[in-house]
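Novice: Generate coordinates for the entire structure from the input sequences, incorporating the hints supplied.
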Amino acid sequence: MRIYFATDIHGSEVCWKKFLNSGAHYKADVVILGGDMTGKALVPIVDDGGGQWHATLLDNRETLNGEEEVAAFEAAVIRRGYYPFRTDPDELRDLSADEPRWHALFEQHMLATVERWMEMADERLAGTGIRVFVCPGNDDQLEVDEVVANAKTVELGEGRVVDIGEFQLASSGWANRTPWDTYREEDEDVLQERIERMTEQITAPPERTIFSLHCPPHNTGLDEAPQLTADMSLKDAGRATIPVGSTAVRAVIEQYQPALSLHGHIHEARGTHRLGRTLCINPGSSYEQGQLLGVVVDIDGKKKVKNFVLTSG
Amino acid sequence: MATVAAGDERTVFVRKATGLVRGWSTRDAFIYAAFSINLVTLGLYIFGYAPFIPEGSLLWAVLLAGFYLVVQGITYASLIAAMPRAGGDYVWISRVLGGGVGFVLAITGWWFILWMWVPIYANILNVEVFGPMSAIIGWDSAVTFLSDDDGLFFTSIITALLASGFIALGMRTYAKVQKFCFYGGLVGLAIVMLLLLFNSKESFITHFNEQSADLYGVQNAYQATLEAGSAGGFAVSGVGSFALGSTLLLIPMMAFFNLWSNWGATLYGEVRGASDFRQNIYAMAGALLATSLAAIALFLLFSKTFGWDWYNAANNAFWAGTIPTGVWPYPGLLAASFLGSPILQFLLIAVLSLWFFGWVGTVFLSSTRVIFAAAFDRVLPEGVAKVDRNGVPYIALLLMLVPSIGIAALYAYSADFQTYTLAATLVIAVTFLGSAISAAILPWRRREIYKASPIARYTVMGIPLITFAAGLFILFLGFCLFKWFTDPDEVYAVNDSGSLIFMGSLYLLAIIIFAGSRIYRRRQGMDLSMAYGEIPAE
Chain A
1 MRIYFATDIH GSEVCWKKFL NSGAHYKADV VILGGDMTGK ALVPIVDDGG GQWHATLLDN
61 RETLNGEEEV AAFEAAVIRR GYYPFRTDPD ELRDLSADEP RWHALFEQHM LATVERWMEM
121 ADERLAGTGI RVFVCPGNDD QLEVDEVVAN AKTVELGEGR VVDIGEFQLA SSGWANRTPW
181 DTYREEDEDV LQERIERMTE QITAPPERTI FSLHCPPHNT GLDEAPQLTA DMSLKDAGRA
241 TIPVGSTAVR AVIEQYQPAL SLHGHIHEAR GTHRLGRTLC INPGSSYEQG QLLGVVVDID
301 GKKKVKNFVL TSG
Chain B
1 MATVAAGDER TVFVRKATGL VRGWSTRDAF IYAAFSINLV TLGLYIFGYA PFIPEGSLLW
61 AVLLAGFYLV VQGITYASLI AAMPRAGGDY VWISRVLGGG VGFVLAITGW WFILWMWVPI
121 YANILNVEVF GPMSAIIGWD SAVTFLSDDD GLFFTSIITA LLASGFIALG MRTYAKVQKF
181 CFYGGLVGLA IVMLLLLFNS KESFITHFNE QSADLYGVQN AYQATLEAGS AGGFAVSGVG
241 SFALGSTLLL IPMMAFFNLW SNWGATLYGE VRGASDFRQN IYAMAGALLA TSLAAIALFL
301 LFSKTFGWDW YNAANNAFWA GTIPTGVWPY PGLLAASFLG SPILQFLLIA VLSLWFFGWV
361 GTVFLSSTRV IFAAAFDRVL PEGVAKVDRN GVPYIALLLM LVPSIGIAAL YAYSADFQTY
421 TLAATLVIAV TFLGSAISAA ILPWRRREIY KASPIARYTV MGIPLITFAA GLFILFLGFC
481 LFKWFTDPDE VYAVNDSGSL IFMGSLYLLA IIIFAGSRIY RRRQGMDLSM AYGEIPAE
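Residue numbers (this note's numbering), protein chains in the order written: chain A, 1 to 313; chain B, 1 to 538.
Just so you know, the hints here were simulated from the structure itself, not pulled from any lab data. This structure is a prediction, so every number in the text was calculated from the model and none was measured. Heads up, the beta-carbon is just placed ideally off N, CA and C, and yes, glycines get one too.
Computed spacing ranges between beta-carbons, pair by pair: (1) A:274 to B:447: 32 to 42 Å; (2) B:459 to A:86: 25 to 35 Å; (3) B:482 to A:52: 45 to 55 Å.
Specialist: Rendered as structure tokens:
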């Protein structure tokens, strides 16, 4: 069986489209998106009147003349993985002062985008025979699950053990604590209980079991992230890195020893690592560039996975 | 991430999400860029080669190249902005020019040729640290040992072990060590400059003669050195003189020291916008310009206090093997002569040595990253990316350590091989050329990546800034490569059949590994072309 796994596309529509095409492109039987599918930012495009607008993307302020330029700017925002919205100076001022309100607007745009993506998946993948799993990650609000669960061709992975051919896939997007207090994070002991509740449902032998756990195991190189200072700056210009993965995830992998364990979360820690018989992979993420980093794995039910290649699609 | 534009208007609403950080300090980035250019370790060493082109102006060569190579900083800052956290030349070249080209250029430039940097670094360790220290404490047998072949080989092993040790410490600790060494090294450099500034040439002659008598038993060393170095009609013009042709010829030699402002470029983390792009330029170009200006200040001080003719004559005599003291005229030791006290002299050399110890680990650090990346792409066996319980990449380190010892033996025991020093720069320059070409054509070859990046709006005369800067950088590298490969006067010593065979064999080895891996993986049912083939979005 051939599996394609990608993760952390953070709202990048180009990456989502590539993910939908990845099964056919790599001749994969199963494609899995490992989490953090929603964007991080909402970008206002401000109406200055008389057909003129202005907006800022990546610190670059732009003046936009007419619908065509506004649409092109919106496309650029979407390409980056952010959500554009049109507004006027008064509304923007009110919104800026009202945090619950802009959070609600954010959620509205985010969920609408996920819904649109699911429709896109139904259009493109219906009848292909490729199974598609999405498991939201720690940066994805819990409301995302319902939207994914309602899709016809995409299956929600969170907290479930599902049969894929002669294999079983166990997925979770929850992570250990981060400095950002994200939506799906918890203390290590609670996380371990969560994952173990799931692995108790597994009936396949370890060599026919696949984990898709968003957070990588601790101290495996798949979890090396730049160390941060107290004010959330990158220490030593990003040169000082530390392991930030989960000890719970590591413990469960070491205990259960699935053939394959797929991870994400730390974008810069692209790589592979063996924990006993388990091949752990974090393909990394370059979503900002519209580059879908991933991994193609051929798995045959033998004790160890031997064939895989990290891709940059 | 900036949330407020000019005035109070909010330009972006950011929800809580992993990885949203405030950025990095330009000062920190500057430190690592300045350290990689390394005025003391690499600069002072290569300045000593200037007498091979006596009509050239060292001052103008360093100044012109320093200002020109700002385009290198812009090129790499642009690549980082367009493809952040990509891992450097390997991925940049692979994504734009293809996996095979990326592998061959990166593996030669960031792995194989760094084997050769071990004995080069060892030589620097000898002439700038161990040699002077041994002389100061009166350990004459060590001075003799270090200046012969066995000594160089021995120090090469120490250098390789030091580099391995620093990698084993881990990035977090090593970054701290580097910062400490940088500030300590700056203090040492400042002391050298102050000593040269506040002492006269007459005073230097007196102190140098005393130091040479004490350490090496040579009497009237200043005059003897001048005469030895001036034999055969060797003469240089004044420090500020300018002869265009010869000065340009010095520039490919100076690349040994000033081509590395981008060395830590891939480590800066996520680029969030145009301000980060500019910050990277400030760090890399700023470090390059600051280092170049510091070098100019040193030249002027050398001229004032040593005498420019004497400084060059001393280096000339060293390469001719006629220098009376028998050792390389390390400016740190020359300046230390003013201190009189052996303890103070020893301390000054020790503080200056921080420039060496803070940077030596990078000889292996970059290599281990490239080895890992190639293993993840399945070009190299998975096992080479193994780490031990403490995260030490022991297989990758062995792949650096063992061949580097072999190359060190060649370097130590073959006089010919020792002259190929600039080959170590040439092969990396070829890798940079690959990245520069990738950068130049990025807006067309990877249009979507370019358009999604914060640099897409920067143009010069209608040409994308990345293309403009990379084009100028390509011209620089092309000029250097042309001179290195033609080199009718053999001043660079790399247009030699032995050197060409050595460098060619590195490329051949890389091609064989890549082609062999493709065939092997295909037989396993895994097509390596998948690694860089783009998935269609529509």
